[in-house]
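Student: Those protein sequences? They're chains A and B, same order as listed.
By the count of the UniProt record's numbering, the first sequence reaches residue 848 at its end, each step adding exactly one.
By the count of the UniProt record's numbering, the second sequence reaches residue 258 at its end, each step adding exactly one.
Be careful, since some hints might not be right.
[To be verified] Cβ pair distances, simulated, as ranges:
no., chain 1, residue 1, chain 2, residue 2, range
1, B, Ala33, A, Gly831, 53 to 63 Å
2, A, Gly377, B, Leu153, 43 to 53 Å
3, B, Asp191, A, Val826, 15 to 25 Å
[As the list claims (entries may be wrong)] Pulled a few chain B residues facing chain A out of the computed Cβ check, cut under 10 Å:
no., residue
4, Asp42
5, Asp94
6, Lys95
7, Leu100
8, Asp103
9, Ile105
10, Pro116
11, Thr117
12, Ala121
13, Glu122
14, Arg129
15, Ile130
16, Ala131
17, Trp139
18, Ala142
19, Ser176
The set of hints was computed from the structure by calculation and includes no laboratory data.
For every residue, glycine included, the Cβ atom is placed at its ideal position computed from N, Cα and C.
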Amino acid sequence: MLTATFRSMVAHKLRLLLTTASIALGVALLAGTLILTNTMGIAFDMLFGKIGSGTDTVVRAEAPFTQTEGVGTNRGPIAASVLDQVKKVDGVRAAEGTVQGYALLTDTHGKAITTNGGAPTNGYSMPSDEELRGDVELLSGHAPTNAHEVAIDATSAEDHDIALGSSIKVLFQGPTQEFTVVGTIGYGDGIKDLGGTTSAYFDPATAQKVLGTPGAFDQINVSAADGVSQAELADRISDVIPAGTEAVTGKAVAEENADATKQNFSIVGILFGIFAGIALFVGSFIIWNTFTMTVTQRSREIALLRAIGARRRQVMSSLLLEALGLGLFASAVGFGLGIGVAKGLKWLMDAVGFALPFTSLQIEASQVWISLAVGVGVTVVAALVPARRATKVLPIEALRESTPGAEKSSKLRAVIGLAVIAAGAGALWASLYADGGMKLFGLGLGAAMVGVIIALPVAVRPLAAAIATPLRLRGLPGELAKQNAARNPRRTSATAAALMIGLTLVVSMGVFASSLKASFGDVLSDRVDADLYVVTSSAQAPGYSPSVLAAVKGVDGVDEVSANGWGQARFDGQDSGFSSIDPGNADEVLALNVEKGSLADLGKDDVMVARSAAKEHGWKVGDTVTAEFAESGKHQLHVAAVYEGKGWISDDFVVSRAAQEALAGPQLVSNAFVTIDAGADRAEVQDAIAAALADHPDAKVLDRAGFEKEASGFIDQLLTFMTVMLALAVMIALLGIVNTLALSVFERTRELGLLRAVGMTRSQVRAMVRWESAVISLIGAVSGAALGIGIGLAMSQILKDEGIKSISIPVLQIAVYVAVAAAAGVLAAVGPARSAAKVDVLKAVVTD
Amino acid sequence: MSLTTTLSPQQATFPGTPAPAARAVGVTKQYGAGDATVAALDDVSVDLDRGRFTAIMGPSGSGKSTLLHMLAGLDRPTSGEVYLGDTEITSLRDKRLTMLRRDRIGFIFQSFNLLPTMTAAENIVLPMRIAGRRPDPDWVAAIVQTVGLDGRLGHRPSQLSGGQQQRVAAARALASRPEIVFADEPTGALDSRSGTELLRFLRTAVDELAQTVVMVTHDPTAAAYADRVLFLADGHIVDEMHDPSAEAVLDYMKNLGA
Ligand SMILES: Nc1ncnc2c1ncn2[C@@H]1O[C@H](COP(=O)(O)OP(=O)(O)OP(=O)(O)O)[C@@H](O)[C@H]1O
Ligand SMILES: [Mg+2]
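Required output: the full structure, derived from the provided sequences and hints.
Tutor: Written out as structure tokens, the structure reads:
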């Protein structure tokens, strides 16, 4: 039996190739996704684990709550006196206070060294204890020892040709300073940066000055004496440190930090996961089809095997063995390709500007096992049913199966499908009104998709009829194409499903992005009245130093500069983002529409709330709101004003920038709006500001058009990304379409022969297959687009409070997507159409 | 003037005699290559008269189907020429040949004559629909009437009996008013009653509609419906019989050893 299996596999090389390719593709995408997400995860782990690897216990200020956005929770500083207490604890081998903060390196020409994908640019205090440095090691030079020295990560040094001894500027939240580079830093194992971030190291006293608060530390890192465990040490330290501080094991801290960051990127993993899922679905579908074909072609061979005495079980195991071998081989090939896919995806993300923290590709045994198991599993399961049939069905019957009526569209299927869709829609609807609607939304979305996939076969006939109406114009080939597409609804819908899912994702994101863009444009033109705009030099940087504002203000011709910041706190027990503004001039440039109270009263203990929030909580001017900051704990803020909450600034809570500084520590500026003196020339002032910013490479000045483009740039990135994803989905779907058409042509050999005999020309036959393919792809594309528009609208509706005010459907763009899908269908049909046209006319005449 | 031109088949026809509907001139068909070469037809020449019903008989493997395929433009001979009316068809390119089959030839096969997705009515007008031509409704109605398919036109092949399916095929073969209708064992899969109905219909088509019909058959009774029977053996036409009776055909076939 084994040799028979092997021989038949080799005998059908083309079929082998097609099947191998489809499984390999599915596995490659899966493996690529696994490798990429794992690599990203490890990059994050490195970012925190590498620095903390020598630290057994961390002493830090307690945070009243965990911030949900950004990297970890900002905490208040810890007094230097605590260090002395910690040092005395039994079992402490070494303890040092550390400081970490924003530090933007520049190259030797004063140009900011920016990172990809919003990876942080950090400054650290360099521990003097070797062990407390963790994996941080000097690759060249020496550690910084005074206020004029810095050591930087080796990647920054190498990429920007910064030699030891050269002097560079470093930007902080405070004033920019110049340092001599005295060392380059690595992180063990040849790693030269922390997951794509840049790092600057200062001696502890300097770090306190430039990164934090003099006389205080961000945290105290402790190394245990031999034989003292992390947990034990943490316990002992907990007993002596003052209230408001806590001692946590080093391991726990590293995990906390890594998890917080990973969450921000989990969406990328999910997206890739969906596409890997589509690929596997298409892959298994192709396997199913291919085995159906194989089995039909081989029914004689199988009958012969059975006639010469092979039992049904032997025939069955021969087929399954074939599937197993094929699955294993193809999955192995697929895993190999997956490494390339991971690289490609990474490259792609870089290319569209969605750079991810990254390190060398991390390949682990578990990924190999998962990929192989999924690939082989899918292959065997997909082969099981056709194989079972093979042992029962006669060749003639197998051929007859393609006649219509063999598959009735089931009412039950329609009912179940509609019920699931209804449940999904209900959840979507409910999510509009529920708190934490996003989870419910996701659930509803999933349910709606599943429902559509269940019900699609029932809709294939009407859809095909609707889509093919224009095809009627093309005479009989068009008519037959429509009929053929609707002939095997389950197969057609399975073929179209890959395109449908792809388009649903892309179109819904498209609608969402376009609404976002429209809202943004509306707000900008209706609500923002400034002459010039000062923004971060790299779109993804968290902000720029407040010192920029002073420099801009000093420029001739500048009238007002009004800056914004952003933060997170807990108001009245609920986590919420807040904006910070300059109360003196914010209303002039931002049209806040203050309805009650006055902006002039927005002092350090005050807050301005949006109308909707005020209404919800019954707040009036003069009431108090409890606000809790991770950095400084609870505060009672007075409601000084109520505003519309629908313009550029739309957060429920707004405080003055001075208040933010007092409550949450030193802050970066997100952006600033500049008005110019009456009579001043805008272009001249812009040039003057640009000149003044020469010493501030973290910021740049833009005019209105530039600002608009910059601020909506991320939406364009999103769209580019979605387009690339669409291309991916279309490519995967293409394989499925080719396969389905090949199977159909194979099954309909006799019909094609008959048509040719009674006078259908080759080009008409080709057109017929092409049209059929176009109808199948359009079924997928149109239903996907419809679904995507619905979901996009729902998504925009849910995010109404988060700034989506205008809803816009990118009609042209969606039309292009659908056209591309249809064109892909026609392209996919080239091969099958050719083989259909080659069908031997006599096949229909000669009965066997 | 060269010899070939002088002796070209068209001019070889006697004036006054109607030109044959189809003719084979020295047609040879070989299958396989080298030592395994099989000659299914060996230098066969035959004229098929217009407005007549011709049957082709012979033992299994004698080349009947092969000859029919050559005449009908479904396959090309290894050598020799085939004429449909005045058109030499072996040299035609695929597209012209296909259009010729569509417009000038009707077919009835032994089985699988109809497209399963189409109704009987749609199947009947299939060649005209392929051509993008409007069928002549009166003519189609007349044929449907003759073939006895009233009330079945909306059915799909799977809802029709084998005999009904063959009658739909016959109606299709005649609906486009072809110059000639070819049928390869059209009654082979039918019971005798259905077979008789179909044969009567073909006879009527010849007698009343002046059709030309060429039919391969194994059945002497079927052959008896024809005006003329050609006997094939080992790729040669060995004999022919005019206005045959079933008995005479049967006797002859016994002698042939079929
Ligand atoms: N495609 C082919 N390849 C090889 N040999 C063929 C092919 N078609 C026919 N033959 C051979 O040519 C000869 C004539 O075949 P043909 O089908 O014309 O016979 P027939 O008279 O129609 O027989 P039957 O009464 O069984 O239908 C046979 O020996 C057959 O084996
Ligand atoms: Mg035959």
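Student: Confirm or reject each hint.
Tutor: Status of each hint after checking the structure:
1. B:Ala33 / A:Gly831: 53 to 63 Å: 29 Å, violated
2. A:Gly377 / B:Leu153: 43 to 53 Å: 51 Å, holds
3. B:Asp191 / A:Val826: 15 to 25 Å: 47 Å, violated
4. Asp42: Violated, about 20 Å.
5. Asp94: Since chain A brings a Cβ to about 6 Å from Asp94 (chain B), closer than 10 Å, the hint holds.
6. Lys95: This interface hint holds because 5 Å falls under the 10 Å limit.
7. Leu100: 8 Å, holds
8. Asp103: 7 Å, holds
9. Ile105: With a closest approach of 8 Å, the Ile105 (chain B) hint holds.
10. Pro116: 4 Å, holds
11. Thr117: 5 Å, holds
12. Ala121: 14 Å, violated
13. Glu122: 9 Å, holds
14. Arg129: 4 Å, holds
15. Ile130: Given a least distance of 5 Å, the restraint on Ile130 (chain B) holds.
16. Ala131: The hint holds - Ala131 (chain B) has a Cβ within 10 Å of chain A, the shortest such distance being about 7 Å.
17. Trp139: Violated, about 17 Å.
18. Ala142: 20 Å, violated
19. Ser176: 9 Å, holds
Of the numbered hints given earlier, the model fails hints 1, 3, 4, 12, 17 and 18; all others are met.
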